[in-house]
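J.: Numbering-wise, the numbering used here puts 147 at position 133 of the sequence shown, and it's gapless, one number per residue.
Rather than coming from a laboratory, the hints here were simulated on the basis of the structure.
Be a bit skeptical, because a hint or two may be false.
[Claimed, not checked] Each computed SDA-like pair below joins lysine to any residue, with the alpha-carbon atoms no more than 20 angstroms apart: (1) 94 / 118; (2) 39 / 146; (3) 17 / 149; (4) 86 / 36; (5) 67 / 37; (6) 39 / 83; (7) 17 / 46; (8) 67 / 54; (9) 41 / 141; (10) 39 / 63; (11) 81 / 104; (12) 151 / 45; (13) 17 / 63; (14) 67 / 25; (15) 39 / 71; (16) 49 / 69; (17) 118 / 28.
Remember, predicted model here, so these are calculated numbers, not experimental data.
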Amino acid sequence: MTKEVFITIKGSQLGAEDNNLIVTKTKGVYLHRNKKHYLQYEETEEGGKGKIKNIIKFTSGQLDMIKNGSSKTHMIFDLKEDTTSLYHTSYGSLHLQIHTTTLKIKEEENEIRILLLYTLSSNQVPLSDNQIQIVVKAI
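Start from the sequences, fold in the hints, and give me the full structure.
T.: Here it is as structure tokens:
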């Protein structure tokens, strides 16, 4: 895989009437180091006021999503155990529990596909079942 990549991320809530589909398409950087894969990319914050720096780190059983901007979070999706995360926003912080049910990674020479299914809870009360699909293509 080349260093420069095109990244497509589709996130949705399962079971929601409109699925709350969010699609991000952007160029980024791919690295493979110490048996881990890394994606780095930037997004424009809502209202166009600034940038959010994102890192996605993944191996066969775990995926980390790290966001740094006006909202900050480090979410860990681990097939072996439930995890917790603080999601910091300008309105306050949310304490979330993450139960990962599926993490499938398919690697090809010029493309990586990731399917992630998980449940978000807060104070042990389920909030939503979610799906993220990530496609990384060499440029």
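J.: Compare the structure with each hint and give your call.
T.: Consistency of the hints with the structure:
| no. | hint | verdict |
| --- | --- | --- |
| 1 | 94 / 118 | holds, 14 angstroms |
| 2 | 39 / 146 | holds, 13 angstroms |
| 3 | 17 / 149 | holds, 15 angstroms |
| 4 | 86 / 36 | holds, 18 angstroms |
| 5 | 67 / 37 | holds, 16 angstroms |
| 6 | 39 / 83 | holds, 18 angstroms |
| 7 | 17 / 46 | holds, 9 angstroms |
| 8 | 67 / 54 | holds, 8 angstroms |
| 9 | 41 / 141 | violated, 31 angstroms |
| 10 | 39 / 63 | holds, 19 angstroms |
| 11 | 81 / 104 | holds, 14 angstroms |
| 12 | 151 / 45 | holds, 13 angstroms |
| 13 | 17 / 63 | violated, 28 angstroms |
| 14 | 67 / 25 | holds, 18 angstroms |
| 15 | 39 / 71 | holds, 18 angstroms |
| 16 | 49 / 69 | holds, 16 angstroms |
| 17 | 118 / 28 | holds, 17 angstroms |
Consistency with the previously given hints fails for numbers 9 and 13, ordered from lowest to highest.
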